[in-house]
Structures are given as C-alpha cells and as structure tokens.
Amino acid sequence: MSEPTIRSPIASGSNPWHRFFRGVLDRLTIGMSMGGVIMMFGILLLIFAVLLNGAWMAIGHIGWKFFTTSTWNPVPGMDKYGVLAFAYGTAVTTLIALLLAVPLSIGCAVFITRIAPQWLAGPVSFLVELLAAIPSVVYGLWGAFVMSPWLQTHFEMWMWKALRNIKWIPVGHYPGHRTEYFPANLVHGGPSGSDFLAGGLILTIMILPIITAITRDVLQQFPEELEQGAYGLGATWWQTTRLALTYCRVGIFGAAVLGMARAIGETMAVVMVIGNTDRISSSLFAGGQTMAGVFVNEFLEADHPIYLSAMMYVALTLLVSALLTNLAARVLLNRIAPA
Amino acid sequence: MPSDATTTPRNFQHHEWGPRLISGLAKILCTAAAAVALLLLFVILGYMVWKGIGGLHWSFFTNLPLEEPMGMRNCIVGTIILAAIASLIGVPIGMLCGIYLAEYSPKGWSTAVIRLTLDVLAGTPTILFGVVVYQIVVVRPQNFNGWVGHISLWAHRVQSWLGITNGYSGWAGGLALALIMVPIIARATEEMLRLVPLAHREASAGLGASKAETLWRVVLPTAKAGIITGIMLAIARVAGETAPLFFTAFGNDTMVYNPNRQMPSLTEQIYNYSQSDDPHWRAQAWTASLVLVSMVLVFSAAVRIATRKRRIRTH
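Residue numbers (the working numbering), protein chains in the order written: chain A, 1 to 339; chain B, 1001 to 1315.
Just so you know, the hints here were simulated from the structure itself, not pulled from any lab data. Do not rely on the hints blindly, as some may be mistaken.
Unchecked claim - Residues on chain B that point at chain A, a partial pick, calculated with CB under 10 Å:
(1) ARG1115
(2) ILE1127
(3) TYR1134
(4) THR1229
(5) MET1232
(6) ALA1236
Even for Gly, the Cβ is constructed at its ideal location relative to N, Cα and C.
From just these sequences and the hints, can you work out the full model?
Here's what the structure looks like:
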C-alpha cells in the first residue's frame, strides 16, 4: 500500500466556507453510501417481488401440487406443470458432484497444506483456483464435445458392462412390469453420454476449486501445538492429518455446502451435457433437466400466461433452494472465521 | 516410506507397519487428488487451445459472423460494451455499499443484515438476474399488476427518460451483469477498507479532518489498489457469464455499438455455435472460447499475481 499524502485540513477549520463544505461533504458521503445500501436492498426486494408476482397465478392455480408432480405439459389447454422432474435433475447432479468433488477437494487441500513443499504448494493452489476462472459455457463446450463422447464410448460403456447384470436389491418396476434391480438400474438404457452422470461430472470440476480453496484456508488454521502434540504422541502423518480434518470439520462441511449452492445455481455447463428431457429415471444414463437449465431451453418459448407463470414458479423454487443452501454455508463458515 | 522429516525425526518413529502403510497410502491418494485436479485443468485448457488455435487468424478479430471468412469482431466488442455498462452501474452501487459497511454501519444487527443481504445476492443463481431484468426491462410493463406494476411503470418512465427502449438490448444485458457485480464489489471494497490501519484514520482525525475527508483523502487512496483489483476480478467474472444474457442482450450477428439494440457477446455466440452441426461453426466456438478464456485468465492471473499479499475473497 502506498503512503497516503495527508493535506492538513486544520487550516480550513477556521474558514467558515470550508467548514460549510466539510459539512456538506460529510452528509453527502454518508447519504450516498446509504443510498448504495438502499439500492442493494432494493435489488433483493425487486428479485423477490418480480418472481413472486410472476409466479402468483401459478401458485394460485397449481399450489403445492407443483412440488409433488413431475408432469410438464405446456401445450395450451393441457397445461400440467410440476417441478419435480427438474428438482430431481438438480438434486441428482448436485449429489454426484458432491460425492466426487468433496473427497477430491479434501485431497487437494491436504496436498497443498500438508504434503507439497513450499515451492510447489503456491503454484498448485493457484492452478486449482484457475479452474474457477474458466467460464461455464467453456466447461459446457468441453463437456459436450470432449467429455460426453468419451463417456459414451469408454467410461459409461465400461460401467454398463460391469453393472448391467448385477441385480442385488429389487427397488421397483419399469413400465412393462419388468422388475428394477439395484445397481443394474443405475445403468439402465445403456451409455448415452448426455445424462445425469455427465451433468454431475461437469459440476464436479466446477465446484472443485471453491471447496479446495476454503478447505485449504481452514486447514491452515490447524494449530501448530496440536500438530506437534500429535506427532509427539507417536501419531503417523495420516493420524495427524485426520486430527486436523476432524478439527476443521465445520469449515470443511461449510465448504461442501457452499459448493452445493454453486452446483444448484449452475446453468450453462449442465444444460449443454445433461440431455434436456424432462423425466425422472433412476438410471444415471438417462437424460434429464435441471431447474436452472429449463430456463435456457424454455423461458423464451413460454408464450401463454400460465406457462410463463409456471416458469416463474420454477424460478422461485430455484431461488429459495439456492438461498437456503447458501445461507447454511455462510452460517457454518462464519462460525469458524468471524469477520 | 515417506515421512515428514521436518516435524518428526525419523528415529522416534516406532510405528507398526500397519499405520505406516495407511499413512503412506493416504499421502499417495492426496497427491493423486491434486494430480487429477491439475490434469483436468490441463486437459480442458489444452483441448481448447488445440481445437481453437486453428481459427485464430486476423479475420477472427476483424470480420463478422456472416462474412467469409467468419469472425467475431462484433462479439468481442459486444462483450466489452456489456462489461462496461455493467461496471458503470454495478461499481458505484457496490462501492457505496462497501463504504457504508466498512465505515458507517453501526456494529451489530445492521452490519449483519447488510452482510446477509450481500450473501443472498451473491448466492442467487445468475440466470435469475436475467429472468428479473427480462421481466422489468425487456417486456412491456403491462405484464404486471398490483404494486409491482407500479414499480414497473415507474421503471419504464425512468427508462424512457434515459432514452432506453424496451426489448432485448445491451442496456438490459449490462444491467443483469451489474446486479451480479454488486455483491462481489461490495465485499471487496469492505475488506480492503478494513485493511487500512486505524492509525491512518486517527492521524487524519488528529489533524482535524472530518470522517468524510478522512475517507476521501486517506482511506480510499490507501485502499485504491485493492479495490481496483476487486473490480477487475468482478469484471472478469461477468465477462464469462452466459445465462443471464439469453433473456436480456439476446445476441446479434451484425456490428452493434448502440446499447439500445440487441447486443452480441462471446459467451452467447459460443453457446449458439455449439448447438449447430456445422463443423465451421463449432470450430468458431472453440476459437471464441480460446479468446474468451485468454482474456479472462490473463486478466485474473495478472490481478492475482499483482496482489498476492492482499487476499481478496472471490468465493
């Protein structure tokens, strides 16, 4: 930081004009900054007001059934709307992303803070954070043209061959009365490349840097005395690391929840790889749709009032779920790092 | 067996082979996790460079999408115009919020409420900003009833007074991006202002300066570099946004400078091209990605290197 040059204001203190202008400046500054805060509150209110106002008709017509039905039929006259299929898509992709990204991120953070030598830790940390700077549409492009074809011909093919005949637990029936078994149902339908799995994988890469960054920050707060104490008692490196992870569990949990919030709100990358069909399937190889993604596909086609209103209802659902997750993460993270 | 020689002298380790084996395995797994993350970065960037570098001629920067050879001059200019409009609206609001939060807000519930609001804004899925701006700027205000209708009508009056038309426009796109910027800039400003030592403020006050004079002459100049960093990171962030632009700027195949018209952008053009089967268009999408990522990465990498000591929270 550069040294500030302080022009002495003492001399102006005696001049009544300067005193007047100083008063004006004081009031103007506080007034303007309060104006900024009021505008920020206004933005938030506006978001809620516009979404609620837009969704009002759908809330009146559909009500709670919106959350328990998965039919999405916007043909004028038919007009059946349920968010469940989209919510399911968001939930499944987010879950896959968390299951993969959390262990991977913890591994990265442990490597950066506890394994890598000083000269390596900085660059690795920087490069992982660089993943967060790549725009989501580029992830989508890469996902659609590189990852999806590879998934279809290699990874999913392999997974399909491995799992399709393993029938441990009957979990339901397919249409046509064939029994659905776990885990064979996960690969039902065969490799497609554009499916829940692809959506989950692309989200994994996208939330990896944020979870890694926060986990790294909280691991660095692990007290030196505890570390030395653990080693002194004869703990191995892993036992000490486990102690550190346990010590930082709230922060790591908060990081995971923040990653989850990101995954829920992510739009473009998922839209480009998830296949965009609105149905619910227990198969990871089935195409789906997320709450955010449905806007890219359908918002500008919503041509009659109830359709548009149902879209706004989806928006409201998305907003509330993202906000609750986000607030939960902030509560957890503020608990470990006050201000 | 690898062991941390600096903290545990090798002589004092009397572990059984079991825990030592597990410890070694865990180390290998953690290293593998970091290797996977880096591998993903290099695969994504490498593939993009490999696919995109072929289309990187001068014509890409000088021609329009419908010309032969194809170019994206209008999209690059559009992205810059959108980011400029977003900064014009978002930076003052964000900075004022940050200033109030760091300097004027009484400790306690008001700070907590403002912070909470900023967190809520930062956590809103960006596509919803597009939806909201679509509803109040792009479509006619008649779509609303009740008090939101009144707000919308007033927004419409202000809008027409400013010479901003309804419909898809650069203004709408810039406004959506501005809303995304506000919480990022507010938090960056607040953190940078809090880093200014109390001694500077006390010295200024001791010389007889008022609170506002101290702010304008001492605190803000000291925190200037950090705040500019935060603003640049926010710009890099919104330059990569796609989703909110679908319903606001919409895109355009011609050269547009007038923000009242539909505005093209790199991100949206990448999406449009990616949806086509034409290999030339797909190649253009890769080249556009390369240009966009280079812009964003160079921008944020430079900023991060320049301000390594000052930590700015970007998440």
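Comparing the hints with the structure gives:
no.	hint	verdict
1	ARG1115	8 Å, holds
2	ILE1127	5 Å, holds
3	TYR1134	8 Å, holds
4	THR1229	12 Å, violated
5	MET1232	12 Å, violated
6	ALA1236	7 Å, holds
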